[in-house]
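Number of protein chains: 2
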Amino acid sequence: MPEPIVFGFPQSTYVRTVRLACVEKGIAYTLEPLRFSSDALAELHPFGRIPAFRHGDVSLYETTAICRYINTAFEGPSLVPPGAADQARMEQWISVINAYVDPPVIRDIVVERLTRPLQGQPVDEAKCSAATPRAAHALGVIDTALTDQAFLSGDGISLADIFLLPIIYYFRQLPEGIEMLPSLPHLETWYERMQNRASFAATTPPPPGGR
Amino acid sequence: MPEPIVFGFPQSTYVRTVRLACVEKGIAYTLEPLRFSSDALAELHPFGRIPAFRHGDVSLYETTAICRYINTAFEGPSLVPPGAADQARMEQWISVINAYVDPPVIRDIVVERLTRPLQGQPVDEAKCSAATPRAAHALGVIDTALTDQAFLSGDGISLADIFLLPIIYYFRQLPEGIEMLPSLPHLETWYERMQNRASFAATTPPPPGGR
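Residue numbers (the working numbering), protein chains in the order written: chain A, 486 to 696; chain X, 486 to 696.
Rather than coming from a laboratory, the hints here were simulated on the basis of the structure.
There may be inaccurate statements among the hints.
[Said to hold, decoys possible] Stretches of chain A that chain X covers, calculated by requiring three or more beta carbons in the stretch to come under 8 Å of a beta carbon on chain X:
| hint | region |
| --- | --- |
| 1 | 533-547 |
| 2 | 558-571 |
| 3 | 580-590 |
[Stated by the list, open to error] DEER-style ranges, computed between Cβ atoms:
| hint | chain 1 | residue 1 | chain 2 | residue 2 | range |
| --- | --- | --- | --- | --- | --- |
| 4 | X | 605 | A | 695 | 51 to 59 Å |
| 5 | A | 695 | X | 513 | 50 to 58 Å |
| 6 | X | 528 | A | 668 | 18 to 26 Å |
| 7 | X | 522 | A | 640 | 19 to 27 Å |
| 8 | A | 542 | X | 515 | 29 to 37 Å |
| 9 | X | 542 | A | 668 | 46 to 54 Å |
| 10 | X | 592 | A | 569 | 28 to 36 Å |
[Said to hold, decoys possible] Sample of chain X residues with no beta-carbon within 10 Å of chain A, all distances over it, derived:
| hint | residue |
| --- | --- |
| 11 | 547 |
| 12 | 550 |
| 13 | 575 |
| 14 | 599 |
| 15 | 600 |
| 16 | 622 |
| 17 | 636 |
| 18 | 659 |
| 19 | 669 |
| 20 | 670 |
Backbone N, C-alpha and C define an ideal beta-carbon position, used for all residues, glycine too.
Please model the entire structure based on the sequences and the hints provided.
What follows is the structure, encoded as structure tokens:
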């Protein structure tokens, strides 16, 4: 079988999640550059999002699907904990991150402060202000969950942790995150733990707009 | 262990998905009525959505998490296909349904046409019109996927099918669905197949606003 191919650009949080899955599993992969609104993307993903993924004759899109495939199809440490309850909690946190963390933190605050300026557009401060309490609530729920455990689900790293990491990476660089995150000590300790893993450095993205 | 409890109201598509999972697994459960914005809900789900779920000392929220738990924790036919690729495709379809089908079909068209009138509010026709091409695109992708297979992933029913069924159930009752669905023949055949299962009748919701 050829190496799996991850299609997308490295600044995308979801592309980084898939790359983190590859590195944590110990598998080699190719990152194939692909930007929004390209013909190549339309062929790989009928809804025009990234990442997309190919491994031999298996083509997939949507990050949850790609990560599940990587975990099951390859040898290496499992990124899904054993036991029905811990597996379900992992799913719960992935769903929380996708539904309640990503929208205010990435789609609102990070896109406004990091992407809009590159497009020559002004930052919508009202959007950032409206998103901040939603971000605080969602990250507060996660902080509480991390009170007495090192990772989001089970005893070791799981897919839930690698969905969250790329989001916090950007949020820490922005005024809202710099103000909010010190009040979430368990999340901070978790981030330091994640930051010390080899997969962090191996997937650190170039600056927005860079290569 | 006591029977699992599903918290929510039966008209919710996501509550029906969880009930379908219980019935397809052949397990007894209690449906505990719970409406939005209640104190009881705030305790069960920190983001105030339904369903929530309890089984002994396992408390969960978010439908993907609850369904995974039901499939793994109980005996009965598996609702997750074997094999890494089919499992990943199931995840892909669940993600497609949550991200690209539910927003235009349920949150826009169904809420406008079925929920707003109960609240004494006018239907936002512009919202319905804007949602219709997005619904058509997403359901078209699913129709194509069903061209030469009976279910969304693998050889039998999976969690992906039970995420989709409650959405199509409502869409068929509304002008947009009545016009669109006959042009999606594979989806129509799939719906007839799903409609003939015992789980369909066992979970058919009362009318919106009814008990």
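Hints versus structure:
no.: 1; hint: 533-547; result: holds (count 4)
no.: 2; hint: 558-571; result: holds (count 3)
no.: 3; hint: 580-590; result: holds (count 4)
no.: 4; hint: X:605 to A:695: 51 to 59 Å; result: holds (53 Å)
no.: 5; hint: A:695 to X:513: 50 to 58 Å; result: holds (57 Å)
no.: 6; hint: X:528 to A:668: 18 to 26 Å; result: holds (23 Å)
no.: 7; hint: X:522 to A:640: 19 to 27 Å; result: violated (37 Å)
no.: 8; hint: A:542 to X:515: 29 to 37 Å; result: violated (45 Å)
no.: 9; hint: X:542 to A:668: 46 to 54 Å; result: violated (30 Å)
no.: 10; hint: X:592 to A:569: 28 to 36 Å; result: holds (30 Å)
no.: 11; hint: 547; result: violated (4 Å)
no.: 12; hint: 550; result: violated (4 Å)
no.: 13; hint: 575; result: violated (8 Å)
no.: 14; hint: 599; result: holds (23 Å)
no.: 15; hint: 600; result: holds (20 Å)
no.: 16; hint: 622; result: violated (8 Å)
no.: 17; hint: 636; result: holds (16 Å)
no.: 18; hint: 659; result: holds (23 Å)
no.: 19; hint: 669; result: holds (15 Å)
no.: 20; hint: 670; result: holds (19 Å)
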